[in-house]
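**Q** Next come the chains, spelled out residue by residue.
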Amino acid sequence: MTYFLDLISSGLAIGAVYGLIAMSFAIIYKSTGLLNFAQGEMAMIIAYVAWSISVRVEGNPFIVAAGSIGFAILFALIVERIAIRPMMGEPILSQIMVTIGLSVIFRSAVVLILDGLPHNMAVASGNALVDLGGVRLRVAQIAVVGCLFLAILAMWLFFRGSRFGVAMRAVAADEATARLMGVNIGRIQMAAWGAAAVMSGAAGVLFAIAYELSPALFHLGLKAFPAAILGGLDSIIGSAFGGIVIGITENLVGGYISSGLKEIAGFVIIILILMIRPYGLFGQKRIERL
Amino acid sequence: MTILKGLLAAALLAAPAGAALANQGITDKEILLGEIEPLTGPPGLLGVAHNLGARLAVAEANAEGGIAGRQLRLIAEDDGYVNSRTIQGVRKLIHSDKVFALTSLSGSGQAIAALSVVEQSGIPTMISIGPVPQLFEPPRDNVFVVGQTYTEGMRQLALHLAKAHPDKRWGVILQDDDYGKALAEGLKQARNDVKLNIAYEATYARNQRDFASEMLGVKDKEVEVLIAGGIISENIAMVKEAERLGISPVIATFWPGRVPEVLKAIGPASDGLLSVDYVMPLQSAGGIAFLEKATKYLSPEEVARVNRYTMSGYSSTATLIAAIKACEADLTWACTIKALETNPAMDTGVMAPISFAGGSRFSNSPVHILRADAATASYSLVE
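So the sequence lines, in the order shown, correspond to chains G and W. No gaps in the numbering here: position 110 of the first sequence is 110 in full-length UniProt numbering, and each next residue is one more. No gaps in the numbering here: position 229 of the second sequence is 229 in full-length UniProt numbering, and each next residue is one more.
Think of the hints as simulated: they come from the structure by calculation, not from any bench. Hints are supplied without guarantee of correctness; some may be wrong.
[Unchecked claim] Listed below are several chain W residues computed to face chain G (Cβ distance under 8 Å; list not exhaustive): (1) 122; (2) 197; (3) 199; (4) 204; (5) 207; (6) 222; (7) 224; (8) 236; (9) 246; (10) 248; (11) 262; (12) 267; (13) 269; (14) 338.
[As the list claims (entries may be wrong)] Listing some non-contacts, in silico: residues in chain W with all C-beta distances to chain G over 10 Å: (15) 24; (16) 48; (17) 66; (18) 109; (19) 162; (20) 203; (21) 205; (22) 213; (23) 216; (24) 217; (25) 244; (26) 292; (27) 352.
[What the hints assert, rightly or not] Sample of chain G residues facing chain W (criterion: CB under 10 Å; computed from the structure): (28) 6; (29) 112; (30) 132.
Glycine residues also receive a C-beta, built at the ideal position from the N, C-alpha and C atoms.
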């Protein structure tokens with residue numbers, strides 16, 4: 001039983017990492033129609049910046065968190081303003097190519113600017129071990145699950161209860177009409193990029209504390225994207241659920257069937273679900289009138 | 001008859017081109033060397049370090065007066081660990097930059113991809129980042145491989161572990177690629193000599209980041225000796241997972257990730273981690289002397305990035321430079337290749353002396369077992 005609980009808890013923790021990044025994919029897609037293929041790389045860069053902060057403040061978790069969030073927002077706004085905003089109105093494929101180009105630049109930048117070496121995130125409190133009924137987890141693993149649920153709650157309240165959230169939904173539903181109604185598309189895009197960077201940054205930093213910090217961290221984005229597809233790319237909360245499904249499935253398959261099948265298990269589930277629900281578990285079917 | 005004329009014309013055109021190639025990269029003032037490796041992206045950890053080693057060997061040779069009054073100059077190309085870019089880069093170095101010799105051909109997969117280009121050109125080439133059998137079996141006249149194969153490294157490591165920890169339960173976690181297959185073959189060869197009780201085996205997909213289920217398997221099967229067959233981040237994740245689960249098997253890793261940064265990234269759990277390598281640890285007498293040399297020719301920031309790849313890159317390049325130096329009077333590819341074959345073994349102090357005697361194109365360097373010390377983030381030799 002402990003073995004099963006260990007697999008579930010580990011799956012939940014890694015699934016929460018996927019889920020937060022998947023939510024980042026979804027929020028940008030939902031509000032701008034764009035797929036940001038540099039999301040994993042942004043998480044990696046924010047994690048590296050968090051590490052460089054942590055070694056200067058002796059691992060104070062509050063300063064690391066505040067610094068990382070501040071940097072994530074600033075970083076996202078700069079990227080959005082310099083690379084994405086000028087592409088508004090251009091063909092979607094061109095915009096996606098810009099994000100792919102950004103991903104390559106970020107991967108190289110982490111080596112050229114931030115040394116690109118593996119590091120130990122010096123946040124001792126996040127690295128500490130907690131025993132939960134025989135299941136040992138790092139504080140950062142518990143924190144990432146907490147962050148995911150917090151993000152889900154925040155997104156739900158934001159889209160339901162705030163004017164800005166309603167404006168975002170309006171842009172997602174019909175950008176042209178929303179523009180005619182006076183919605184500032186640029187501000188919506190900035191907010192989406194900022195929120196996405198904070199969520200993927202939290203995932204990257206907590207992953208780096210609990211598992212490892214190396215430039216290979218960007219691969220999390222490649223795992224989170226299918227999670228977003230599984231949950232429904234236009235469903236932010238569904239994407240979070242998709243991440244958890246993939247994380248737990250991977251661990252159960254790796255633990256009970258074969259480690260070699262672990263990486264493909266999530267994709268098998270995605271294919272099966274997409275065959276039944278082509279718009280993902282929580283995605284909405286779009287009806288286009290000609 | 002037309003075909004015959006065509007062939008004759010082609011041969012006439014090719015002959016002077018080949019002769020020109022064989023002497024390219026040499027002017028009255030300098031000898032141009034080239035290398036290709038990953039200088040950006042995650043594998044930059046090894047490529048940048050290797051480049052520092054090659055530059056150190058070049059700087060040392062230049063400080064000693066160069067070769068026949070000529071200074072050596074090194075051009076480094078970045079392939080980002082992408083095979084197609086390796087091939088493009090090698091073509092550029094040979095045909096556009098017209099270097100005299102190559103000091104690196106990137107990692108094993110990249111070197112295999114670019115091997116035909118190098119072989120056809122005939123340019124003297126040293127390979128030290130990824131020494132795999134495909135690069136020296138069969139031997140190519142102009143390609144010299146420095147190091148040891150993963151298979152032999154695994155065999156030696158398994159024999160050591162079997163002797164040091166007899167009758168223990170083993171776990172093996174390997175990558176699902178050629179690297180993992182090479183390690184599996186080494187383990188198989190070791191099992192011909194010693195009996196191993198392998199209680200847990202797992203193969204993971206490259207780029208996997210989460211090793212929770214694998215390490216839970218290790219815990220479940222009560223593994224006492226674990227072969228962590230990852231490269232860098234995979235091994236960090238595996239050891240940290242072992243720490244999280246509260247298990248402490250003897251964990252053994254391989255030289256691709258034997259760098260101080262990995263120990264620092266793991267933290268206290270890295271204490272006692274075993275590794276196998278043909279390069280001496282930085283804290284050995286040879287390593288300390290090497291660091292002193294590096295301090296003389298590299299900047300403090302560069303010295304901070306010195307690791308085992310710097311040492312193997314230095315040894316390999318120094319061996320090539322010694323061969324070129326032996327050909328001062330006849331600076332040609334043929335003479336350099338001959339000198340690489342016949343020169344006395346090159347002893348750099350950080351590896352066993354490098355020799356290609358007897359027509360071999362593989363240095364077949366002996367390996368050592370090393371143990372990590374978490375407090376100093378360093379390795380020491382296991383007696």
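**Q** Decide, hint by hint, whether the structure agrees.
**A** Quick rundown of the hints versus the structure:
| no. | hint | in the structure |
| --- | --- | --- |
| 1 | 122 | 33 Å, violated |
| 2 | 197 | 20 Å, violated |
| 3 | 199 | 14 Å, violated |
| 4 | 204 | 5 Å, holds |
| 5 | 207 | 5 Å, holds |
| 6 | 222 | 12 Å, violated |
| 7 | 224 | 19 Å, violated |
| 8 | 236 | 4 Å, holds |
| 9 | 246 | 6 Å, holds |
| 10 | 248 | 13 Å, violated |
| 11 | 262 | 6 Å, holds |
| 12 | 267 | 5 Å, holds |
| 13 | 269 | 10 Å, violated |
| 14 | 338 | 39 Å, violated |
| 15 | 24 | 31 Å, holds |
| 16 | 48 | 8 Å, violated |
| 17 | 66 | 31 Å, holds |
| 18 | 109 | 17 Å, holds |
| 19 | 162 | 24 Å, holds |
| 20 | 203 | 5 Å, violated |
| 21 | 205 | 4 Å, violated |
| 22 | 213 | 3 Å, violated |
| 23 | 216 | 5 Å, violated |
| 24 | 217 | 7 Å, violated |
| 25 | 244 | 6 Å, violated |
| 26 | 292 | 23 Å, holds |
| 27 | 352 | 28 Å, holds |
| 28 | 6 | 5 Å, holds |
| 29 | 112 | 7 Å, holds |
| 30 | 132 | 12 Å, violated |
Comparing the model with each earlier hint shows violations of hints 1, 2, 3, 6, 7, 10, 13, 14, 16, 20, 21, 22, 23, 24, 25, 30; every other hint is respected.
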